[in-house]
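Asks: One letter stands for each residue in the lines below.
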Amino acid sequence: MNNKGIVFSLDSIFALIIISILFLLFFSVTTNEIEELTNLYVSQKISDLLITSQFLEINSLSQLEDNYNKLLPNVPGYIKINSSQRYLHFSKSNSYKKLISQNITYVNSFGKEVYLEIGVYS
Amino acid sequence: MKSEKAQIMVFDILITLVLVFLVIEVEQAYVFDYNTQIVSSELSLYFLEKNLVVDQLISDCNFLAKYDFISKVCYKNNIQLSSLDKIVFLDPSICKLVLDNKIIYKTQSTIIKTSFTRGVIYNGSFCVLEVDFCE
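Keeping their order, the protein sequence lines are chains S and V. Going by this note's numbering, the first residue of the first sequence is number 372, and it counts up by one from there. Going by this note's numbering, the first residue of the second sequence is number 164, and it counts up by one from there.
It is worth saying that the hints were derived from the structure and are not from the lab. Note that beta-carbon positions come from the ideal geometry of N, C-alpha and C, so glycine has one too. A portion of the hints provided could be inaccurate.
Computed beta-carbon distance windows for the label pairs [claimed, not checked]: (1) S/Ser391 - V/Lys235: 58 to 64 Å; (2) V/Leu244 - S/Asp437: 22 to 28 Å; (3) V/Val173 - S/Ile405: 44 to 50 Å; (4) S/Ser433 - V/Tyr209: 26 to 32 Å; (5) V/Ser245 - S/Asn440: 25 to 31 Å; (6) V/Ile275 - S/Tyr486: 34 to 40 Å; (7) V/Pro255 - S/Ser455: 44 to 50 Å; (8) V/Thr270 - S/Phe481: 42 to 48 Å.
Chain V with its partners taken away, still in its complex shape:
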C-alpha cells in the first residue's frame, strides 16, 4: 500500500515537471520572444530620454529657448542661437541641428541613431527644428 502511494506521488511530480517544462517551452517558442521584448523596452526608454532632451533644448533658456532680458521671461518654442555651444553639456550625443533645412550645429559624428522634429519660432517666423542624435 505504501509503495503504491509513493509510486503515485513520484508519477504526479514527474507529470507536473513535464507540464512546467512544456508550458515554458511553448511560451518561449511561440508566444513571446523575450529578447525582442527587452530590446523593445530599451529602445522605448532611449526614445523617451532623447525626446525629453529635445523638449528641454527648446524650453530651457540655458540652451536654445529665447530669454527676454527686459521682461525676464523665458519663451518655450521660441529660440535663439546664442547658446549653441552649450548644447554639448545637455547631451553630448546631439550631433546635428537643422533649422528649416539649414545646418546650424554639427559634430564629427555621422551615424545618426534617432531624429526628432519640432516646431519653433526663429526670428519671428515658424521653422522646423530637426535634432539628430548619433551613436
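The following block holds chain S by itself, in its conformation from the complex:
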C-alpha cells in the first residue's frame, strides 16, 4: 500500500521535471530572437552594398571599402572583387563566432563578368 503512494509522488516529480525541461527549451528559443534579428539587419546591409555596387559597377576595392565603412563603420569583415580580397577592421587575435557573407556575379557594361563578395564577422 505504501509503494503505491511512493509511485504517485515519483510520477509527479518526473512530470514536473519534464515540464521544466520544456519550459527551458521554449525560452532558450525566444532568447535567440534578438540575435537572429541583428543577423537579418547585417544581411540587409550586405545586400545593399552588393546591389549598389552592381548598379554603380564598382570595380575597385578602395571604393567598395569606402562604402563599407560608411554603412558598417568599425565592423570587422572582408570585401572581395574577382580575385582581390581585403580585410577590414579584422584582427587575428579576436576569435569571431559568426560570419555572414553574400556574393553576386554580374556582367558589367563591358561584357565582363564581375564577382563580388562581402562578409561580416561577429
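With the hints as your guide, set chain V onto chain S.
Replies: Structure of chain V alone, referenced to chain S:
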C-alpha cells in the same frame, strides 16, 4: 486499514502540491524572468516591423524607390525624393530621414525610439540613408 490508506493519499497529494509550488517558485525566481521575456519579444516584433517598413521604403516606387518611366522599371536601393510627402501613409511614426548627414525629412516628434541605416544610391552615388522612428 482504510484510514491508513486515506492518510497516505492525502500525504501524497500534499507532497505533490508542495513540489509543484516549489518548482514554479524556483522557475520564476531563478530561471526565468517572465516579464523580461515578454518585453523582449515585443521589442523583437517592433524591430522586425520597422525593419520591414524601411525595406519597403527603399524598394517601393510609391515611396522612395526610383521609377524609370522609359523602361518602366522600379529600382530597389536607388532612391528619388519626389514622393517624400507620401511617407506618412507608409508609417506615421517615421519622424526623420537623413541622407549622408543631411536631413531630408523631419516631423515635429523628437523622441527617437529606433533607428535604421541602409545603403542606397542617390543622384548616381552611394549614400547612407538613416530612418528614425519616434514614439
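Asks: Take the hints in turn and mark each one as holding or not.
Replies: These are the hints, each one checked on the structure:
1. Between S/Ser391 and V/Lys235 the beta carbons are some 60 Å apart, a value that agrees with the proposed interval 58 to 64 Å.
2. Range check, V/Leu244 to S/Asp437: Cβ separation about 23 Å, and the 22 to 28 Å hint holds.
3. For V/Val173 and S/Ile405, the hinted distance range of 44 to 50 Å is satisfied, since their beta carbons lie about 48 Å from each other.
4. Hint check: S/Ser433 to V/Tyr209, Cβ distance near 38 Å, so the stated range 26 to 32 Å is violated.
5. At about 30 Å, the CB distance of V/Ser245 to S/Asn440 agrees with the hint of 25 to 31 Å.
6. At about 39 Å, the CB distance of V/Ile275 to S/Tyr486 agrees with the hint of 34 to 40 Å.
7. Roughly 46 Å separates the CB atoms of V/Pro255 and S/Ser455, a value that falls within the hinted 44 to 50 Å.
8. Between V/Thr270 and S/Phe481 the C-beta distance comes to about 45 Å, which sits within the given range of 42 to 48 Å.
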